[in-house]
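Enquirer: From first to last, the protein sequence lines stand for chains A and B. Residue numbers for the first sequence follow the numbering used here, so the first one is 1 and each next one is one higher. Residue numbers for the second sequence follow the numbering used here, so the first one is 1 and each next one is one higher.
Hints listed in this document are in silico derivations from the structure and should not be mistaken for laboratory results. Some hints here could point you the wrong way.
[Unchecked claim] Below 25 Å or equal to it, Euclidean Cα-Cα: the simulated DMTMM-like pairs (lysine to aspartate or glutamate) are:
| hint | chain 1 | residue 1 | chain 2 | residue 2 |
| --- | --- | --- | --- | --- |
| 1 | B | Lys289 | A | Asp214 |
| 2 | B | Lys289 | B | Asp103 |
| 3 | B | Lys150 | B | Glu294 |
| 4 | B | Lys150 | B | Asp204 |
| 5 | B | Lys50 | A | Asp214 |
| 6 | B | Lys81 | B | Asp103 |
| 7 | B | Lys50 | A | Glu97 |
| 8 | B | Lys289 | B | Asp111 |
| 9 | B | Lys150 | B | Asp246 |
None of the values given here were measured: they were computed from a predicted structure.
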Amino acid sequence: MMRRFPIGGYLALLVAVAAMVLPLVWMLLASFKGQTEIYSLPIQWLPSSFAPTNYSDALDVVPFGAFFVNSAITTVVGAGIKIILGLMTAYALVFIEVPFKKVFFAIVIFALLVPQQIVIIPNYTLVASLGWLNTYQGIIVPGLASAFGTFLFRQHFLSLPPSVLEAAALDGAGHLRRLWAFVVPMSTPTIAAVALVSVVTEWNEYLWPLLVVDRPNMMTLPIGLTLLQNTDGITNWGVLMAGTVLVTLPILIVFFVMQRKIVAGLTAGAVTG
Amino acid sequence: MTSTATRPAAGETPGQAETGRGAQPAAQPGTVPPAKRNVPDPAERARARKLQSRRTQARNWLLFVLLAGPNIALLIAFTYKPLLQSFYYSTLQWNIGSQRAIDVGFRNYTDWLTDSATPQVVGVTVIFTLATVGGGMVIGLGLALLLNQKLKLRGPARTIIVAPYVLSGVAVGLLWLFVFDPNFGIVAAVLGAIGLPSPAWYNDPQWALVMVIIVQLWKNVGYIALIYLAGLQAIQADVLEAAALDGAGPVRTFRRIILPLLGPTSFFLSVTTLLSSLQSFDIIQAMTKGGPLEGTTTMMYEIYREGFVAGRAGYSSAVATILFVVLLIVTLVQLRFVERKVHYS
């Protein structure tokens, strides 16, 4: 029996995809429009030219190059250290026998119940008293601890075949060697998934850097982007949308290239949790 | 390792150990006089073993501290300690950055509870949270059911639907601000095409709330769909076949079989989206800054505004403590609820 062509299904899929894509296309098109094209009625969908005037204007008004470098540094360092801390903690929790291990596991798990957003005032006070305002360590260190990553890595380590690690131990491999030479290579898919999700989170981080940075040359992209919004009374949508494209494009590219891994990372928490 | 290796030897009687397995105790060479052969008695061996195990235990502790220590120290320094500090700050009348603080006991809490703006803030928080969690789960489940159909191009469609979730909340807020522009945005154009005037998204508190809810939904619904899709794909095909053989139609199958089997997934999503909605900040800051007329000021936004715009750190800490307790209760209630209600396969 031939299945009927599911026209309703395709129609629904088209509507869903359009709802997701249309605002992004609107942003991209607007980033090439001049003021008069933006403020015209009826609305004009296509820009008259694709000259990157708004982009060069955005780069002139605010130091986008510095924003980009700051975002790259805080993302790579922050996500990198976070992953390493998570791996080390999960290894210790799974493979090293010490009394009261459950207590340490509880410390990690209950931290998941305390959102960083709730503790901004004490953390701000601490970072300010350390003289860390407008510094990389001020942006990175308070969010460095790994709770969710540790949890996921622990779940994964518990599923590893113990025989391999026992054999490594009999061959005289110490714990550190067993971690780097056996456990880490056997966990690359999980690590990649968690790492990519961390990279996305760090790149988009907004509230904390907003609080600890007020010098433009130390701002990350999401913070710096809002400078374009505040320059004068009326919004210059073309320039603002050019800035928005500059912030979203790198992460969109990473997402489309690595979407399989990122999707695995996003679902990992739900499947194990 | 070492302790398990010595255990069987200790269980044997000394004489048997000597005759039966002469090769095993390498520490007992033939030079030991026959009369003293029984001297390393169980007590002494136990002591040696204890020393040995104490040494491995000390080494294990050292390694444990080396590996888990930094992370746990960071959690204590930047999560647990500030949580306690936040409780303490909430009893102070104190401006951020100031050297002077006055102990006011629970005044900040009573002030918040009796403040005329509080019912508004609580109302906005409840509406924003319920709409984004409820709406998100319904739309997300619908999208997941759609993406679970055997449709061509559903792979790329899934990718596109999830894409907004990985974008910066600020960037999303700003681009939607332009989409919602009452004169020159897409929404106004679409409404204009069917003869409707654009609502005053920027100036009317109620419409502004609707606007930030829509944007929050747009950003997160793909994630919810993704998790539901994973849940749907985990449902065994034979369960659905059996239902079809029993003559169950699609609606009945969905209500009686799919929805209950998705219970754990729904639970997980309701907790995570509830927690993230209650903490939502980026979109509100980029689009409305809590306005107009505080129409989009949630509790989370109030914490930020009181602490860092108005500078009332003590008051802000009190609101933070209340929100923390709410988050904790929600999580614990849901955990209890799920123990009784949710089907685990």
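Enquirer: All hints are to be evaluated individually against the structure, with a verdict given for each.
Expert: Here's how the hints hold up against the structure:
1. In summary, the hint linking Lys289 (chain B) to Asp214 (chain A) is supported, as the alpha carbons are separated by about 18 Å, within the 25 Å threshold.
2. Between Lys289 (chain B) and Asp103 (chain B) the alpha-carbon distance is near 31 Å, which puts this suggested pair outside the 25 Å criterion.
3. With a C-alpha separation of about 46 Å, the suggested pairing of Lys150 (chain B) with Glu294 (chain B) is violated against the 25 Å cut-off.
4. Between Lys150 (chain B) and Asp204 (chain B) the alpha-carbon distance is near 44 Å, which puts this suggested pair outside the 25 Å criterion.
5. This hinted pair does not check out: Lys50 (chain B) and Asp214 (chain A) have alpha carbons roughly 58 Å apart, beyond 25 Å.
6. Only pairs whose Cα atoms come within 25 Å are accepted, and Lys81 (chain B) paired with Asp103 (chain B) is accepted, the gap being roughly 20 Å.
7. Note on Lys50 (chain B) and Glu97 (chain A): the hinted pairing holds, with a Cα-Cα distance of about 16 Å set against a maximum of 25 Å.
8. Among the hinted pairs, Lys289 (chain B) with Asp111 (chain B) is consistent with the structure: their alpha-carbon atoms are about 23 Å apart, no more than 25 Å.
9. At roughly 23 Å between alpha-carbon atoms, Lys150 (chain B) and Asp246 (chain B) fall within 25 Å of each other, so this suggested pair holds.
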